[in-house]
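Put the two chains together into one complex; each comes in its own frame, and the hints tell you how they fit.
Protein chains in written order, with the working numbering: chain A, 1 to 316; chain B, 317 to 835.
No lab work stands behind these hints, which were simulated from the structure alone. Don't take every hint at face value.
[To be verified] Subject to a maximum C-alpha distance of 27 Å in a straight line, what follows is the list of computed DSSO-like cross-link-like pairs (lysine-lysine):
1. A:K274 x B:K583
2. B:K815 x B:K520
3. B:K714 x B:K725
4. B:K767 x B:K616
5. B:K793 x B:K754
6. B:K427 x B:K539
7. B:K517 x B:K490
8. B:K725 x B:K754
9. B:K414 x B:K539
10. B:K593 x B:K793
11. B:K593 x B:K815
12. B:K697 x B:K669
13. B:K583 x B:K816
14. A:K274 x B:K731
15. B:K520 x B:K626
16. B:K616 x B:K626
17. B:K731 x A:K58
18. A:K274 x B:K725
19. B:K411 x B:K427
20. B:K616 x B:K539
21. A:K274 x B:K690
22. A:K274 x B:K714
23. A:K58 x B:K490
24. B:K785 x B:K754
25. B:K520 x B:K488
26. B:K725 x A:K58
27. B:K697 x A:K274
Chain by chain, the residues run as shown.
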Amino acid sequence: MFSYIIKRILILIPTWILLGILIFFIINMIPGDPVAIMLGTESAENAEIIRERMGLNKPIVERLGIWIFDLLRGDLGESYFLGRSVAQSILERIPVTLSLAFFGMLFSVIIGIPLGILASLKPNSLRDTSIMGFSLLGISIPEFFLGLLLIYALSLGLNLFPSGGYSPLSRGAFSWIRSLFLPSLSIGIIWSAYIARLMRSSMLEVLNQDFITTARAKGQTEYIVVMKHALRNGILPIVTAIGMIFALLLSGAFITEYLFRLPGAGSLIISSIKKRDYPVVQGGLLFFASSILLVNLLVDILYAFIDPRIKYGKKS
Amino acid sequence: MKRHIILILLLACTATFAFGAAQKEATTSVFRAAMTTNPLSLDEGFSSTTATRQTSAYIFETLFTFGDAYDIIPQLVDTYTVSADRLVYDMQLRKGIKFHNGKEMTAEDVKASFDRFVTGTHLAGATFKEVKSLEITGPYSIRFTLGAPITLLESLALPPRMIIIPKEIAEKNKTNELRGADVIGTGPYKLGEWLPDVHVKFLKFTDYVPDSRYDKATGLGGKRIAMFDEIFFLPVPEAESRIAGLETGEFDFAESIPVTSYSRISKNSNVISSIVKPRWSILVELNHAEPPMNNLDFRKALVHALDMGKVLQAVSSGVGTFVRLDPSLFAEEQAYFTTIGSGGIYNNQDLAKVKEYLAKAGYKGEQITYLVNKDFDWMYKACISLSEQWQAAGINVKLEFYDWASQIKKAQSLKGWHINQTGWSPRLDPAVVISSFKSGLVTSYNYANPKMDKLLDDIRIGNDFTVRKSIWDQIQKLVWDDIANIKIGDYFELEAINKKYQGFTSFYVIPRFWNVSAK
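Bound conformation, chain B alone (with noise of 0.2 Å):
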């Protein structure tokens, strides 16, 4: 009797609890996207995080950005003019545009978020060192001017972006991160609330001016509009929560589910899916001054040893849809695409030759340690194909586990380790793969080839695309030719929206819900 009324008492709770009138809000419109993680920051010049990209593109604008072939388009800037030596480009502003304080954009604001962004924050590097001064011509033109032809265009639109903000808000926050009523910029949505772990919550920019030289929204530019009067950004790391919420309908929008979800997801009418190609290149890195890895035989060998379908198999869990033999580090969906320098060498397993190349560099079995991680899913999975592989081909490789941020420091250490596991997000310009291979970076692990150095510096002129594009083929043919990295293949995500939304397409890695909207 008292077991029954306990069971009774229990299911009173349930059925109170579980069938009341949800509340509702009634008049907003809202957005509630999925995302794997939090933001570090919202200002770029902080943190170059996925997370931060993704919310940053909402908030903030550039003078220039990409659109959706991957190419340079205008954003905050309306015209402009290059000299014939590419030294100097004068840059007339759209007028009218607004920040979400209500200040209009001037020239002052470009001028005072370029010195903040170079000299201030973390992250601009070396991008602009070339650029000798920035001028204020007039209330809405500027000139830079240049040391050498760099690309300019490009390194304003390339993330960490320099974003551009109110000139009191740039000067407030001088070497400071953005933060809460100062996170002021030009973009569609601008910052509702940032609660970490909770959710960043966007709110529609009303006096927001779309760009009217385009006729629709393109990459992260064009003429975006901001159709939900709320988007909320909810951090939901586990991949089976993101599905039950998208499933229950709490969320309208989930993105990284899991490849193995793909049928269930496809068989789901009530949510549309969007595989985001290209999301990853899957890579190792090598240690160039651990030997053997400085050795090009050795590092043949490694390439030689590898049949790089069997690894896909093994990321994608034999969902072909999701992945694709690729031997170059820029897709096949962007234009610096090519497969150069990989004939006969990228996904041609012959174990004679890892044998013949072994022997060659001396190779007494001695022990290559490989860094991994588990954090990324398909990188475990790669690294457990990838070592198997190598093992059977006589090459002695012991995989060292660590969490993703001790395999950072690790590896930037520079020291007790051959190969480590990696993946790359779409590099929209050759200028981000500088870092990689320029001889003494901490990133390029050693590797030191002056031809490689010259071509770098080449490709970071501002030169047409044709000319950049064949100095971009001799700088992939040279990956190959040294064994710089080894590329295995591309690893694409799955991402899913609700059917009742139109207009949703996947691009890089920001999913964009501007222009997005109920049907």
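So here's chain A without its partners, still in its complex pose (with noise of 0.2 Å):
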């Protein structure tokens, strides 16, 4: 097992400098100028000195290699824009984004996995019909509307949340999941619909093998078969899905993020993309990928523990 987890982060090093040089090519190729966007349109005059004090005079391939050098002694760069050092910018979107992928992730699990396992107790019923209907619902919505809808109903109708803005946990846990609450549930039905699905169909497979058949025939009670022995071997499936779900929401919901005013990490690579803030896109990207990458490397750490039958490292 040890040897397994040191050998893919071994595989994550060059993994991790492939993608950097394709973030940094990508990033610098598109068409657009910080120093135009400094600038505005009234006056060009100043443009060749900014783009000196910028290094973006220099080639392409020189800044490549400054941005590695400086990557290597632990230094992202300073946002253009923002007034601070990329590491500063993305460490103060983090508390954001973790809490907004951890609540939305919560709901997605709350409401998803219950559904799931309703529907295939009874396929091709009303209530396996009803609830693969909310799920085909869920998975078409647009996440922008889902969230104008929540905003209509929950804060400009009943008035019982905020419509968007972030409440630091600092100042309270009460306002922090307040403030949480619409942009959470907002993600968590969306992705609770994937999981039904997801959960649905694992379970329908699980419940349909020998080993269910047995238990039901040792005279074990409906409870015990769905939620001891199916549950257990349904689940694998989902714990992938929650953990690529987990690791894309780290990456940020722009959308969601943007609707509600949350300063994540969707909204610092989006809003960099578009004032070609490059340090901030380059850094931020690369970081977000590294999360993805070691999210991944966890969750199949994490099966072995779930699954007893899964042993890393050994020849079967």
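In structure tokens form, the structure reads like this:
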């Protein structure tokens, strides 16, 4: 197990370098100019001086070399527009992104898993069709539209939650959760639809297997059969999905953040792309891509704990 | 049963979080403004964006500034004299003005601020190149000596503004942007905190000395008084979120509300809507080096193909209150407004003339590349209407979409395009327009006319208003004679404030919350 983890981490290194180079070239090759954004359209007189100060007058390969050299020293660079370093900019967003990812995930699991199980117990029944209908709606509904519906219903209509904004945990758990409730619910509903479908098909597969018939034949209650025998086996694909969803949410749920005014990772990356704030986009994408790689690794390790049949690093 | 349990649990969670007592600031008066975007910098020497100007106006002051009528008024200067040849300006500074760090402002600070602005910042450009020297003639007096009689007072007031900061801060940040604790000015509010994408927090500056020469606040100056303890500028890029927050009372103010929401906002008894007039000049810039745009007859054909009213209707979604036919680069609220030169050409759609001019220009249906974007909804709507009208007139216009950053870059490359969709914020003085028409500058897009160059040189001379106005009239006429660019009309923006406040009026691109108070 330990050697497997080391091996996986070693594989991460070339992936990470390749990713960095790719990110650098993609962001630097799209049209646009941070200098033009800074100067606006009224004046272009000092453009060359500013370009020199930003280091943008150097050839792209030289800039890549400087960036990688700085990266190896642990320096992600300085934002052109945020008045702070890239590392600080990212660190400031992490609590928001983590909170949103956590609560979004929580909602999707709380809603998705029970719905998937309920649907699988009576396949093709009215209950199953209704749940799958809800799931189809959840998958199809645009994030933006669902967010607006929630704002209109629960904020404007019933005045239960703020329409947006983020209140950090340091200002109190109550206002923190309250500020995250609507955006998390919005994310949760969408991903719960996906989880419910996955849970249903996984459970259906397990419930048709011989050991479930054996368990029932032994006279075990339906609750034990489903919750102990079937669920433990059926949950594996869900763990993978949850890992992937969580990793995706860590890199930012831009539309939700944008709509609910959450200063998270997604809005940082998108607003930096708009402004061509190259250091932030490069550093940010690399950071969040790395977090996806790490979450994937963690999910693989978690597998071994959930399913004792999986043994890493041993030949079967 | 299980489903019921889940539902009950969810409802219980909802109720717990929703009905609890909201935490409120009990003792401090706080004003929250939902703004469209985030400043790129708090230092006007390093960013000329609207958001930077909006925040800077609260923190920093200048020697001169603009009044409500876009007139030049002294701010940190008490009195001044100008020599007969307009080459020497002696200025007495106001005494007892404190910086946010507690230090009193003196002539030393003004000189250090000027030196930094001219030599160290990104945006000073050539504005002060004729200033031969700035001398300290006393603890509170300075003397500008000029090499040519330029419009010094206007230049000192125009954005990007030459902000006055403490000498030690200016010297410490000679070529650097002001950040964090170095953001120190003399304005009615000091910087509390700037968290990009979260907020800019202003704190009331208790040692601020209101300018008692005026009865009330005017423009960006006058008798400004900080009424709120704290003001938050919250970047809320999504219009629906700004409106929702205003309606729920989370925001006290929202800027740039879509005109399609005008009736909704007007019907809301809790808010007062306000129209920012003037706000945008809708215009298209032309690449004068790219054939056939280098041919005046072709440019005339472009203008005669247009019914400007139709474009404005599209831009405003039919809400006429927000648009105005206007051929002038200065709005009618401004002193330099003129319609000279536009007669018979502006909004004079004549397809027979289009045909005639196209034939004269030898136009054979070559593709005309039109740079456009969707970042600004009104620009997008304008370009759709304009391109349809040009195509209907037989001009083969092809839209090329960019995001705003790419569009600016592409336009300034001066290659591969003919028409550039843009919009101008109100120009505060004819001096600001020089960069759009002076030959050889990137932002004049290859337009060159020696007569225009001479007029632009003349308008920089610090003559009295009547002389400058007559020069500006000639410039505006030449813009139409040469079709240097095409002004389509004016577009205004909607903003709204909670009804519980009084004293707010819209001005320029800067919402002013000084002198605004709770009823």
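Numbered hints the structure breaks, given as an ascending list: 1, 15 and 20
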